[in-house]
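Residue numbers (numbering that gives the first Met the number 0), protein chains in the order written: chain U, 0 to 319; chain F, 0 to 691.
Just so you know, the hints here were simulated from the structure itself, not pulled from any lab data.
The C-beta atom is built at its ideal place from N, Cα and C for all residues, glycine as well.
To be clear about the criterion: a stretch of chain U counts as covered by chain F if any three or more of its residues have a C-beta under 8 Å from a C-beta of chain F, and this derived list gives those stretches:
| no. | segment |
| --- | --- |
| 1 | 47-57 |
| 2 | 73-84 |
| 3 | 95-105 |
| 4 | 128-135 |
| 5 | 155-161 |
| 6 | 214-223 |
| 7 | 285-293 |
So these bits of chain U aren't anywhere near chain F, every CB distance computed over 12 Å:
| no. | residue |
| --- | --- |
| 8 | Leu41 |
| 9 | Trp44 |
| 10 | Leu181 |
| 11 | Ala245 |
| 12 | Gly248 |
| 13 | Val267 |
| 14 | Val282 |
Just the calculated beta-carbon pair ranges, DEER-fashion:
| no. | chain 1 | residue 1 | chain 2 | residue 2 | range |
| --- | --- | --- | --- | --- | --- |
| 15 | F | Tyr636 | U | Ala201 | 33 to 39 Å |
| 16 | F | Gln618 | U | Leu204 | 26 to 32 Å |
| 17 | U | Leu204 | F | Pro616 | 25 to 31 Å |
| 18 | U | Val282 | F | Gly438 | 46 to 52 Å |
| 19 | F | Ala663 | U | Phe290 | 46 to 52 Å |
| 20 | F | Gly641 | U | Pro252 | 55 to 61 Å |
| 21 | U | Ala173 | F | Ala652 | 53 to 59 Å |
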Amino acid sequence: MVTGVLAAVVQPVLLAAGAPLLIGLMRTVRARTEGRIGGGVLQPWRDLIKLLRKEPVTADGTSWVFAAAPVVLMATSLVIAVIVPYLSTQSPLPGAGDLFAVVAVLLLGTVALTLAGLDCGTAFGGMGSSREITIAALVEPTVLLSVFALSVPAGSSNLAAIIRGRMDDPATLASPTSLLALVALVVVTIAETGRLPVDNPATHLELTMIHEAMILEYAGRDLALVEWASWMRLGVLLGLIGNLFAPWGIAGPGDGPAALLVAALALVVKIGWLGMVLAGAEVFLAKIRLFRVPELLAGSLVLAFLAVSAAYLLPQGVHQ
Amino acid sequence: MSAALPGTAGIDPLATLLAAQTAVAVAAAAAGCLPSARVRAAVAGWLVALLGAGAVVAGGLALEGHRLALSWPAVVPALDPALRVDALSGVFLLIIGLVSAAAGIYAIGYAAPGGAHGDHPSPAGSRTAWTSFALFVASLQLVVVAGSATTFLLGWELMAVTSALLVLTEHRAQQAVRGAALWYAGMTQLGFLAILGCFAVLVAHARAGDFTALRASAAGLGGTATFVVAALALVGFGSKAGMVPLHVWLPRAHPEAPSHVSAVMSGAMVKLGVYGLLRVGVDLLGIHSREWGLAILAAGGASALYGILQAVVATDLKRLLAYSTTENVGLILIGVGAGQVLSGSGRDDLAAVAYVAALLHAINHAAFKGLLFLGAGSVLRATGLRSLDSLGGLVSRMPATTALVALGALAAAALPPGNGFVSEWLLLQALVHGQSAGGLTTALVMPAAVAVVALTAGLAVATFVKAFGIGFLARPRSPAADAATESPRAMRAGMGVLALAIAVLAVAPAMLAPGLDRAAAALAPSTRGGGAAAVQGSAGGLALAGVQARLQPLLVLALLVGAAMAVAAAARLWGRPRRRVALAWGCGGQRLSPRMEYTATSFAEPLQRVFVEVLQPEQDLTVTPASGPYLVTRLRYSQQVGDVVERRAYRPALNLLARWAERARGLAPGSVHRYVGYAFAALVAVLVGVSW
Chain U
0 MVTGVLAAVV
10 QPVLLAAGAP
20 LLIGLMRTVR
30 ARTEGRIGGG
40 VLQPWRDLIK
50 LLRKEPVTAD
60 GTSWVFAAAP
70 VVLMATSLVI
80 AVIVPYLSTQ
90 SPLPGAGDLF
100 AVVAVLLLGT
110 VALTLAGLDC
120 GTAFGGMGSS
130 REITIAALVE
140 PTVLLSVFAL
150 SVPAGSSNLA
160 AIIRGRMDDP
170 ATLASPTSLL
180 ALVALVVVTI
190 AETGRLPVDN
200 PATHLELTMI
210 HEAMILEYAG
220 RDLALVEWAS
230 WMRLGVLLGL
240 IGNLFAPWGI
250 AGPGDGPAAL
260 LVAALALVVK
270 IGWLGMVLAG
280 AEVFLAKIRL
290 FRVPELLAGS
300 LVLAFLAVSA
310 AYLLPQGVHQ
Chain F
0 MSAALPGTAG
10 IDPLATLLAA
20 QTAVAVAAAA
30 AGCLPSARVR
40 AAVAGWLVAL
50 LGAGAVVAGG
60 LALEGHRLAL
70 SWPAVVPALD
80 PALRVDALSG
90 VFLLIIGLVS
100 AAAGIYAIGY
110 AAPGGAHGDH
120 PSPAGSRTAW
130 TSFALFVASL
140 QLVVVAGSAT
150 TFLLGWELMA
160 VTSALLVLTE
170 HRAQQAVRGA
180 ALWYAGMTQL
190 GFLAILGCFA
200 VLVAHARAGD
210 FTALRASAAG
220 LGGTATFVVA
230 ALALVGFGSK
240 AGMVPLHVWL
250 PRAHPEAPSH
260 VSAVMSGAMV
270 KLGVYGLLRV
280 GVDLLGIHSR
290 EWGLAILAAG
300 GASALYGILQ
310 AVVATDLKRL
320 LAYSTTENVG
330 LILIGVGAGQ
340 VLSGSGRDDL
350 AAVAYVAALL
360 HAINHAAFKG
370 LLFLGAGSVL
380 RATGLRSLDS
390 LGGLVSRMPA
400 TTALVALGAL
410 AAAALPPGNG
420 FVSEWLLLQA
430 LVHGQSAGGL
440 TTALVMPAAV
450 AVVALTAGLA
460 VATFVKAFGI
470 GFLARPRSPA
480 ADAATESPRA
490 MRAGMGVLAL
500 AIAVLAVAPA
510 MLAPGLDRAA
520 AALAPSTRGG
530 GAAAVQGSAG
540 GLALAGVQAR
550 LQPLLVLALL
560 VGAAMAVAAA
570 ARLWGRPRRR
580 VALAWGCGGQ
590 RLSPRMEYTA
600 TSFAEPLQRV
610 FVEVLQPEQD
620 LTVTPASGPY
630 LVTRLRYSQQ
640 VGDVVERRAY
650 RPALNLLARW
660 AERARGLAPG
670 SVHRYVGYAF
680 AALVAVLVGV
690 SW
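Isolated chain U (complex conformation):
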């Protein structure tokens, strides 16, 4: 139990501190692959500190929603960092560690930001919100079906139970269900965090931007919170994928607090590696048209559906 409580405290700190480094790493990988030097791994942290020191500027005519959205977004990222078993499967909060709840909390953050985009009353804000919510709505079936597929072998949608089941029986990791769900979840992560080819995080071109359009009116401290929370979303989702499909190094039921050190190291390696792979893949991708995105999501939905059906038709974990 001590391990669990300690993990719930360490996880958000680790992910909050690590998220800017993850972005720095990904930018560096991209820069080097493209033959540039890049700003270095620490650059996002420097930007963040600079922004946090600047005063927030609020657009004229906005309401409390605009001021509250960055805080809510950051809170959702932190809550997910607390309730998902990143370091230990002994969650002290079993009543909140449900995968459906995690997905819903993630969506709450998206909603806070889209409302803020609308609250600006500018064409950019509305445009970004409209596009963001379209993608969020269409990605939802894939997300929940992937959750379904993952919870079939464990017989529960409780994250700790799912991960523990996969740790105990590594054969399920290579099952068709698991692999199909992995692909579906990767597409989900790309869409939810606005990475290529769904959204280009580096663009400021009116016609193509989604996330950047929504947060155009934010400045100073507010902008820092929005950026930081968005980076954390990428971190928590990559960490979730890492722990689901490579459930090694996580502190188990009997482990003491010392195992958390190993678990933290393993988590950093998993997220870092996934981030580098993602950044490497992004070099070869261009952003697709907004109206091609539903096709991508429909494809991932089919994969997720196959994953669930395979879980029933080829029940691997049950017989072994």
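Fit chain F to the supplied structure of chain U, relying on the hints for placement.
Using the frame of chain U, we list chain F on its own:
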């Protein structure tokens, strides 16, 4: 009066309460006839609220396990009046009471002069409106406590007539009201015919109208007769529930009715369709069939998806809410259908979970949809507008209403920490755990149902972000929205009642778990008596028996609030505290005008494009050229998203009917001889028929 159940000696609290409810209903209806508009509103409003509060208490008692069965066979033999209350009635009494209590208080302010319609008395405050409203609320309660076929049908018809009158309330002000009332009356009467047929078969077989007798004899009903009754029940009750494709009256009647009536219609009345389906199909007939379950599941899935797709592109706020009702009824029906499928596969324990999810969602939907309809009414009263494209900026003009609607929208979007999330979570759990219950069909249907629920949930988020973000935030898009002022206190209080209910349901659903288990046990018989309850309350949250599935909404809320407070405090400490206000970025050009803002139409445009095949919008572009082909003086673009089902299915049928009616005119040329001939032929036909 005689208590018919042996063993209910002494004064039963439920019987006393129902007697008091009758007295309050009569008093409220009488108060609706008072001459002074102000006194009428105050007295009738509070009496309706009392009527609702009584129903909440009765529902609570029934959920705690109190039962009641009264009948007076000797009083009017043909009518066979009987009352019967059990846990299932309790759930719906709670729903009706909650919404009508809030609507009663709200209506006191809503009916008063003021707002956008100036100092004229509102038609919602007329004598007819108040009396019908009181009778409407009473008839809703009569339906769920009815214990015999005739009592049920009497309550049902009274409900239909009073609600049709209420839809007509504003017929002088708006032309569309008459069409809406006609559609509503037509659909509701057709549904009534189906229900009448359904009971006719049952009663003819049992040779008695009492529910106990019907239940006892239903086992002996033949296969064909059971099929006919089940199909008639699905059609009759489905049309009241707003199930696709019988939903067409809903997006017409809900927007045109006064808002407190819309709230009761949408929050409580459509749920009686679900009640009827459960009472007649599952309780009386005792159907536990996978096929019937799959039919309900399919209808529910279609309703959920079609409803939310129409809602996401709707620009009329109340129409949006009406379609969202179809969506939520669809989710409830998915729960009912899944319950049937699981029960038919011999897994009554999981079926009970599905039924509890459906019932809990019915309660949750009543709370948040009631609140949202009341909120829409406040906007309508303050601005005279229902179109989201002209609204905006209400957050600074109507701060209390905005905050209340925000809570309702959060719940309707099924996001934590709202109450809608809790019941959707339970529904998803029932579907996920039900996959392995039986056979390949279930294994494929359950994931498909999860995908439908998920897409519905995603689109619901988009719908309510649009409704709240466009309607209440940013800057006003019309002078009327600019001039809006906060609603009177009674209206805010009415909304506050439902907001409080949402908050309680959201953090402490465990409170209802034993009662809902009791209601579900009657629907999934083998869990009745003994065995673990399907859904247990655990530390304020919900947990499923037998599997590891647990949700503590209070914990999620505490974590979110704690994290938000920590972030806000840290940002205060670390960053600069002062907040500067500056102009929004206008691309270095002009100041931004409200005309540049996104509207509801443009917000939903990407989704409309994705689902263009289903929605089939009618678009029209008119170009007025100037001299020469390259210069244009005027471009006019208009778009309308109608109801495809209405256009494709109902319009042709109505046209056909009109053609036949035209032809049938030839039968009545005005000749008396011909008419006497008809009468004679009819008499002969009857005599022949009788002597056959």
